[in-house]
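Asks: Here is how the chains run, residue by residue.
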Amino acid sequence: MSLTNLFLISSASLIFVGLYGVLTKKNIVRILLSLNIIETGINLLLVAFGYVEGGIAPIITSSESIANLTKMVDPVPQALVLTSIVIGLGTTAFALGLTINYYKNLGTVSISKEEEEKINE
Amino acid sequence: MNKEKSLFTNVFAVAFLIIIGFSIYKVAVSKDNGINLLDKNKVENRVAYRYVNKNVLDENSTYKFGGQAEDSAANIVTSIVADYRLFDTTLEVIVLFISIMGFSMVMPKEKELIKPSSSIIKHWSPILIVFMVMTGFYMFINGHLSPGGGFPAGAILSTAVLLGFLSKTKVPSQKTFKYIEALSGILIFLMGIIAYVINGSFFYNFLEGGRIGNILSGGIIPIFYSLVAFKVASELSSVFYDFYQEGEDYELN
Amino acid sequence: MNSVLFLVVIPLLGTFISLFNKKVKEMTFLITLFNEIFTIYIITCVGLPKIAIIGGFLPPYGINFVLTDLSLLFIFLVNTAGLISMLVINEKKTSKFYSVYLVLLAANNGLVLTGDLFNLFIFMELSTFAITALISYKRDKVSSGTGIKYLILSSVSSSFLLIGIGMIYKTLGTLNIADIAGKLNLLSVPTLSLIILLIFAGILVEIEIFPFNIWFRRLIFQQMPALM
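Residue numbers (my numbering), protein chains in the order written: chain A, 349 to 469; chain B, 11 to 263; chain C, 142 to 369.
So that you can see chain A by itself, here it is in the shape it has in the complex (with noise of 0.2 Å):
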């Protein structure tokens, strides 16, 4: 199989996992870890959506690769991704800390039937 096919396949793979890890779990850390391994799965599957066959990095370092831009790799997806990356950055930081605070009020880290109750008490 052709090293897009490859790519994507691993990619979907991921996002498959993380998702089944956030519709099953009931603990806060575990839905997180999920959650980033869905955002990693996007990030490369955001990339392998841009492979060029036999491409090379989209960097002039001589006249050399001048002479090679139409078998450049595209860049635009890796502009979406580095924005990507970030965001996943700012959601895990400040759930983290959402994870503290909802542990210091409740006590517990899980979410289900009997923290509703405690919640509506």
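Hint data in this document are derived by calculation from the structure and do not stem from the laboratory. Just so you know, even glycine gets a beta-carbon here, dropped at the ideal spot from N, CA and C. Just so you know, not all the hints are guaranteed correct.
[Claimed, not checked] The list that follows gives simulated cross-link-like pairs (lysine-lysine, DSSO-like), each with its CA atoms no further than 30 Å apart: (1) C:K191 / C:K237; (2) A:K374 / A:K461; (3) A:K452 / B:K41; (4) B:K119 / B:K52; (5) B:K185 / A:K461; (6) A:K374 / C:K279; (7) C:K164 / C:K279; (8) B:K188 / C:K191.
[As the list claims (entries may be wrong)] Below, a sample of chain C positions facing chain A; criterion: calculated Cβ distance under 8 Å: (9) P200; (10) I263; (11) Y278; (12) K282; (13) G288; (14) S296; (15) V297; (16) S298; (17) I304.
Here the structure of chain A is known, so what remains is to put chains B and C in place on it, guided by the hints.
Replies: Same frame as chain A, but now just chains B and C:
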């Protein structure tokens, strides 16, 4: 009862994901008329073709290595992030600012004291801090010539501050970091407004005349990346002060 | 018409300045008033639709803001809601509340005005973070529980939106909304339906149209002044 319920949830989630994956597979390998999902990439039909050839403003221009172009950064990804789509990167910086500000609003007020560090950290941290700061500065100064840029450089500089903080070297206080962060943010937006006053459109690259491959090329790209690096480094460093407070813990030894 | 961007830039500049001085509430009120007056001035200009370009590069190679009659109605709604809520809220405990409120105002304005798909995604993420900070700054039981649940749900659904944007770029090659509308009939039918499903699933959960917002009714009406 809880175990049966969690088993039911797990099986239901796996079945749901299998159905979704199967349908995505059927869509991906279908070959109807029109553009399909798994066609081969042709860069000529995409927006990136004009970015790579650097002829967005004038369709027939070409460039040589060491010559001038409409955007004279040698790293094409940097010229997209910091020249053609500069507004997205500015908003990115604001996203990070809001998440760290929300983090400091949410953290509880009781903090612990720092425990004294081991002798390895005490003896090696000055040398390591010098190397880390040098690497961070190299990364954002050469952001337009090789991979890197403002965001990784800010992360590396804040790791240097963390090492100094843990080994009780003198680091700036939290107020200094907040001043640097706010000042960098104001300067980034002032740069955009100055470009509006000069030329009529926000965030325009108003410093011209660089040559591809030099270190003083790319217009406002090195200035922008240095402001971003300082802002990110000071944001991530002020997070540490929310965890620990000043002073030492003399009970453990 | 390039000065439409002042609707977004001035509140963001105000956020950074408000970290320095003490009289935050008056400054926030002044900036919201300025946004409202600027909106009324834009409405009385004639000649629609208009495009405001950013950075000097014409679309589709650069980012642009678009003004049509529908977007005029929406920016008027957003700024008026912001002004009314500034008159109602009376918050004395923290001054950081107003800084986050200004960012929320800028994010909602940009969300309505933008003409670029990735810009839409970034404004949506900015709005998510601002709303979560406004929900959970009080640090008591109900706020922290609702805050963490809102953040997780919003992040998962915005990742679906990002997958849809990536697929659009791979097949059509451009990220400008007007350009995509012109090229949309080149796609094959299964690909088009998959992309539409992903993007709608992302956007509808984020802005909470009726069948999806059953969970959020508990705490929202206390602190959601400018939610659109």
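Asks: Take the hints in turn and mark each one as holding or not.
Replies: Hints, verified against the model:
1. Between the alpha carbons of K191 (chain C) and K237 (chain C) the distance comes to roughly 36 Å, so the proposed pair goes past 30 Å and is violated.
2. A threshold of 30 Å between alpha carbons decides the hint, and for K374 (chain A) with K461 (chain A) the separation of about 10 Å falls inside it, so the pair holds.
3. About 55 Å separates the Cα atoms of K452 (chain A) and K41 (chain B), which puts this hinted pair outside 30 Å; it is violated.
4. Only pairs whose Cα atoms come within 30 Å are accepted, and K119 (chain B) paired with K52 (chain B) is rejected, the gap being roughly 55 Å.
5. Our distance criterion of 30 Å between C-alpha atoms is broken by K185 (chain B) and K461 (chain A), whose separation comes to about 43 Å.
6. With a C-alpha separation of about 25 Å, the suggested pairing of K374 (chain A) with K279 (chain C) holds against the 30 Å cut-off.
7. Using a Cα cut-off of 30 Å, the hinted pair K164 (chain C) and K279 (chain C) holds, with the two alpha carbons roughly 21 Å apart.
8. With a C-alpha separation of about 39 Å, the suggested pair K188 (chain B) and K191 (chain C) falls outside the 30 Å cut-off, and the hint is violated.
9. For the restraint placing P200 (chain C) at the interface with chain A, the shortest Cβ-Cβ distance is roughly 15 Å, beyond the 8 Å limit, so the hint is violated.
10. Look at I263 (chain C): its Cβ gets to within about 7 Å of chain A, closer than 8 Å, so that hint holds up.
11. Checking Y278 (chain C) against chain A by beta carbon gives a least distance of about 10 Å; that is not within 8 Å, so the hint is violated.
12. A hinted interface residue such as K282 (chain C) counts as satisfied when its beta carbon comes closer than 8 Å to some beta carbon of chain A; here the least separation is about 5 Å, so the hint holds.
13. Below 8 Å, beta-carbon pairs count as interface contacts, and G288 (chain C) has one with chain A at about 5 Å; its hint therefore holds.
14. Because the smallest distance between the Cβ of S296 (chain C) and any Cβ of chain A comes to about 5 Å, under 8 Å, the interface hint for this residue holds.
15. Here the hint on V297 (chain C) is kept, as its CB sits about 6 Å from the closest CB of chain A, short of 8 Å.
16. Violation of the interface hint for S298 (chain C) is found here, the shortest Cβ-Cβ separation to chain A being roughly 11 Å, above the 8 Å cut-off.
17. Interface hint at I304 (chain C): satisfied, since its Cβ lies 6 Å from the closest Cβ of chain A, which is below the 8 Å cut-off.
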